[in-house]
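**Q** Put the two chains together into one complex; each comes in its own frame, and the hints tell you how they fit.
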Amino acid sequence: KQEVTQIPAALSVPEGENLVLNCSFTDSAIYNLQWFRQDPGKGLTSLLLIQSSQREQTSGRLNASLDKSSGRSTLYIAASQPGDSATYLCAAETSGSRLTFGEGTQLTVNP
Amino acid sequence: EAGVAQSPRYKIIEKRQSVAFWCNPISGHATLYWYQQILGQGPKLLIQFQNNGVVDDSQLPKDRFSAERLKGVDSTLKIQPAKLEDSAVYLCASSPRGLGNEQFFGPGTRLTVL
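In the order they appear, the protein sequences are chains A and B. Numbering of the first sequence is given in the working numbering, commencing with residue 1 and proceeding in unit increments. Numbering of the second sequence is given in the working numbering, commencing with residue 1 and proceeding in unit increments.
The hints are all genuine.
Residues from chain B shown here face chain A by an in silico Cβ test under 10 Å; the list is partial:
#1 Thr31
#2 Tyr33
#3 Pro43
#4 Glu102
#5 Phe104
Derived, one-sided and incomplete: chain B residues facing chain A with beta-carbon distance under 8 Å:
#6 Asp56
#7 Phe105
#8 Gly106
#9 Pro107
Cut-off 30 Å, straight-line C-alpha distance, at most; resulting in silico cross-link-like pairs (DSSO-like, lysine-lysine):
#10 B:Lys11 to B:Lys71
#11 A:Lys42 to B:Lys11
#12 B:Lys11 to B:Lys44
#13 A:Lys68 to B:Lys44
#14 A:Lys42 to B:Lys15
#15 B:Lys83 to B:Lys62
#16 A:Lys1 to A:Lys42
#17 B:Lys78 to A:Lys1
#18 B:Lys44 to B:Lys71
#19 A:Lys42 to B:Lys44
#20 A:Lys1 to B:Lys83
#21 B:Lys15 to B:Lys62
#22 B:Lys44 to A:Lys1
#23 B:Lys78 to B:Lys44
#24 A:Lys42 to B:Lys62
#25 B:Lys62 to B:Lys78
#26 A:Lys1 to B:Lys62
#27 A:Lys42 to B:Lys71
#28 B:Lys83 to B:Lys44
#29 A:Lys42 to B:Lys83
#30 B:Lys11 to B:Lys78
#31 B:Lys78 to A:Lys42
Calculated directly from the structure, the hints in this document are not laboratory data. It should be emphasised that the depicted structure is a prediction, and the values quoted were computed from it without experimental measurement. Think of the CB as a built atom: it goes at the ideal place given N, C-alpha and C, for glycine as much as any other residue.
Same shape as in the complex, but just chain B (with noise of 0.2 Å):
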């Protein structure tokens, strides 16, 4: 079973650029989430979807922050226009139903804003 698939693995941008990172998830796995892990801290639940509909936003950053899940399946993080403090890893994750499921995660994706 192929597991969490992320692109890029790592991004370097300038501030005030915008950045865009993708996701697939393990197939026929219903509940879709996006992390941000700032170095030296444990990850931080961005937002998580149900299919393709938006379950819980509530730490994410709407001003510049967006995602989406198109058809229930793949999904874009967008950050626009970026920050210095958004420099960290971007970790999405997968369950097959959500609550009480073990979430499996994926590489994630490095970025550092200079």
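For reference, chain A alone in the conformation it holds in the complex (with noise of 0.2 Å):
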């Protein structure tokens, strides 16, 4: 049974901070890797997907990253805004298309 970790559960930086946030699974068999953003209240985001084949993914600020031999992927987000402040998830996508999710990092940036 696949089990993804979030380190930390939370986080807070200043504005302009480079963060990285990690992710750990604890089943290497997975087919991709997704990255998603959940504001309060609201549904979720999707922000970069690693199919099992590459190594990195980058989109504006972030740069998200996949080593399947150890089970880990970090999303980094370079030059932190307020408006980056959410909770970004992590989801694991295994046989049968099922995405097995950490339990977040709530991420404050501040001003």
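**A** As structure tokens, this is what we get:
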């Protein structure tokens, strides 16, 4: 059974700081790894999807990496802004297209 | 392109009552998912449809939860009777074909059971 863990559970940083969010998974037989953003009271917005054959994906100030052999993914956010404040969730897709989510990292960027 | 639509957005009921949620996926998406997200946790898959057939319902509490996807498009999720621990956000997602494809999520329905 796949288990996904996110560290830290909460993070508070000053505006402009670069930061890294961590995600680990127990079963390396994944098809892809997805990072989502969730704002309070809202649904999930997909940020980046890394296929199992890829090592990283980039979108603007976001960069996600994937190391299947070690069961780890990281989300790097450059030059953080107050608008980046949200909960960030990672999810691993396994057979049957089931997504297993971590519990999320709640990020606060202070002006 | 319109996103995944869900209704209602909020629902408050008493325990032992019944409730139903509706989801309209992105047009042309064959795969539809229902997730339950309890406060402070990540979403948990309840049921997955491929067109109008069930692919995975292993985590659906079948004694009280049911779901259907008529004509392979819209879907409804029902809880009868509701328990206090069913208080959560119910998220619907869709993807073009399932495995390996990005999932797109709706805004969710927040259920409070009193």
